[in-house]
Amino acid sequence: MSKKTISLLLSLVFIFSIALTGCGNKEESEAVKVGMATDSGTIDDKSFNEGTWKGIVRYSEENEGAIEVRYLQPEGEQHTNYINAINDLIDTGHKIIVTPGYKFETAVNEAAANNEDIYFILIDGTTHSEDSFDFVKHDNTVCVLFNEHEAGFLAGVTAALSTKTNKLGFIGGMEVPAVQKFGWGYQAGVHYANKTYGTNAEIIDYIYQGTFNDAAAGQTLAAGMYDKGADIIFHAAGGTGLGVFSEAKQRAEKGEEVYVIGVDIDQYETGKISTGESVTLTSAVKGIDLAAYNYIDAALNGTFPGGEIVTLGLKENAVGIPEENPNLSEDVINKLEEVKQEVIDGNLVIPSTQEELDEFLNN
Amino acid sequence: MKKISKYFTNEDYQKKIIPFLSVLLGFIMGALIMLFSGYNPLEAYSALLKGAGFYGSIKRFGDTLLNMTTLIFTGLSVAFAFRTGLFNIGAAGQMLMGGFIAVYIGIIFDLPRIIHLPFAVISAGLAGALWASIPGILKAKFKVHEVVTTIMMNWIAYWSVYYFVPNYIPGNFDTESAVIKESASLRTDWLSSLFKGSYVNLGLFLSIIAVIIIWWILEKTTFGYELKAVGFNPNSAEYAGMKVNRNIVFSMMISGTLAGLAGAVYYLGYTNNIKIGELPTQGFDGIAVALLGLNNPIGIVFSSFLFGFMNAGKLFMSASTEVPKELIEIIIAVIIFFAAANLMIKGFLSKINKVIYRKEGEKNV
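For the record, the sequence lines run as chains E and U.
What the first sequence shows, in this note's numbering, is residues 9 to 371, in sequence order.
What the second sequence shows, in this note's numbering, is residues 1343 to 1707, in sequence order.
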């Protein structure tokens, strides 16, 4: 026999011997299994999926032994892919399913109806059937929405107050409600700052790239905007936005003064360059992790608000900008506090649709 | 003994067992990788098989067949082009265009099922053919290489659909179309209830019919012979009086038809609407399916079954064990690697044969 055959046979024997000994020591634990299925993009998208996952992991770390966590990345973005991923989690004993993203709406709607003993936490969407947009109530599902426009508004005010060239940019991912709301709020914020604080900023480019995972395209778009003289770009584009960071970092390394406003989670670390400074001016934060954390806790402690649509905003401290903003001046931070208070007190209503925005811009 | 030994020496027989050996080696490699990274391969593989419905759940087996349906079409599409000397990387784009037309017809028209469904499916095939004819014509007339043009056509399809869907057949969101009418859906109640709620659909039968037709064209008709001859050697085919340019366009169109039909079975069966911003991965998987299936219609049934069940089972595997699902991708890659490096396995086979042969010789002495 040749050496190859012998080695092949040996490895086979090896496999089976180890495999057999490996069986039979499965440990049964009391922990509740919590599963998450990711939206388009990967778990480390530095944004949406990562935020949700962080909340789940934080819960499992702070409450040791209470939950066992796992995430799956569906095979594609079709309803069938999502429903299969959810079923895979349910069939393997997961009792709480967390799904971030409006794309899960119809899949969760179907799964929630078929699995009444499973808790579903749908972030950024409401359950409805495939052929109608009407909300379908499930007692085992909580739908969490965010006032993204409020975070976008603060981003807009920040950008207008901080720009040196008076030129700003916006790069969105796909034209979906959450991203649009960030954008509308941003436009309104810039307008508000110009009116209230006498700034003279203008959004020169307002582009939806079309995907959430094309970093190369994000970088190209960002390069174009910076070349045109914009010094701050707000991105609401998940993985595509990572390209915006790459471009800004390259320019910052060469000494250019350009900034990015991050999205969903505090992206200060993402923007760090070799000097230890960051190109992240601030981030329009959405408390996705908080939502995941809170509703897992609620499900385990019997206070799960099943059947409800919960909307979280500035008032609930679930959207806004991070606590720490090393790149913002004292003056800007103070002004942001004023604006924030205005919104919380209800004196200032941020537009959340195109019509409301048009009206806002005309006043 | 002779019977077995011919698998080691005879070229034709060797060809047939190489894919099976590749699969086996792929799984062994996968098991080794799992062992070295501290996972239990037996547990993982049984989860994989369970997830694909080999035991436990008939619904999951339905999902395996569902995955397989689309892959048969894209595999056939790529293989048909291969056999006729063309490398169609554009199956994804042709599939997307076919799917778009099918969904468009499924939404806009209101017809009885017996007309609506065939209308949507056939139009999808035609759309795929039309889309593929462009690289075909460019190749025939101007010698533009089809690899370049089909890749470009993929992106043209991608962005066209991106524009068309929200403007002509908008759904609940800007990123997806409305849902097709029942009458245009390939899903049927009896199949779904047979498979306990899986979306396995009439497309499965269509794919089997397509396999038979393509096999018949390639092996039993003069037309197929001509196409293959052009693939083997365009110059001698021309010398023999065949119309090379016409045949190039025809085989691109047939390949495109198959990809377009893949779009029909995917968007009218696997899903029931079309989402933008996505180039269907099945189009690219088709290349691997065709390669492993030796570009043979019957071989493609086997290889798409393999890919289908691995796709159906891998998420379940990563949900029920600690093994990351990327490992399945590694196994698939290793299988394709071995299938592509078949010379290596051939050498290996003849070595085994020598060993066997020597022993027999000794006995006879």
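What the hints contain is simulated information worked out from the structure, not anything from laboratory work.
Some clues are possibly wrong.
[As the list claims (entries may be wrong)] These stretches of chain U come out as covered by chain E in the derived footprint (C-beta under 8 Å, 3 or more residues):
#1 1543 to 1555
#2 1657 to 1671
[Said to hold, decoys possible] Derived contacts from chain U toward chain E, CB cut-off under 10 Å, selection only:
#3 E1353
#4 S1399
#5 Y1504
#6 A1682
#7 K1688
By construction, the Cβ of each residue, glycine as well, lies at the ideal position given by its N, Cα and C atoms.
Examine the region 1657 to 1671 of chain U: at least three residues should have C-beta closer than 8 Å to a C-beta of chain E.
It holds: at least three residues are needed, and the region 1657 to 1671 of chain U offers 6 whose Cβ sits within less than 8 Å of chain E.
Should the interface hint for E1353 of chain U be scored as holding, given a Cβ-Cβ cut-off of 10 Å against chain E?
Check failed: Cβ of E1353 of chain U comes no nearer than 21 Å to chain E, outside 10 Å.
Should the hint that S1399 of chain U touches chain E count as held when the rule is a Cβ pair under 10 Å?
Holds: closest Cβ of chain E sits about 8 Å from S1399 of chain U, inside 10 Å.
Are there three or more residues in the region 1543 to 1555 of chain U whose C-beta lies within less than 8 Å of some C-beta in chain E?
As far as the region 1543 to 1555 of chain U goes, the hint is violated, because 0 residues have Cβ atoms under 8 Å from chain E.
Quick check on the hint: K1688 of chain U CB to chain E CB, less than 10 Å?
At about 13 Å, which exceeds the 10 Å cut-off, the nearest Cβ of chain E leaves the hint on K1688 of chain U violated.
Chain E contact restraint on Y1504 of chain U - CB to CB distance below 10 Å:
6 Å, holds
Per the CB criterion, is A1682 of chain U less than 10 Å away from chain E?
Given a least distance of 19 Å, the restraint on A1682 of chain U is violated.
In summary, the numbered hints that this structure violates are 1, 3, 6 and 7.
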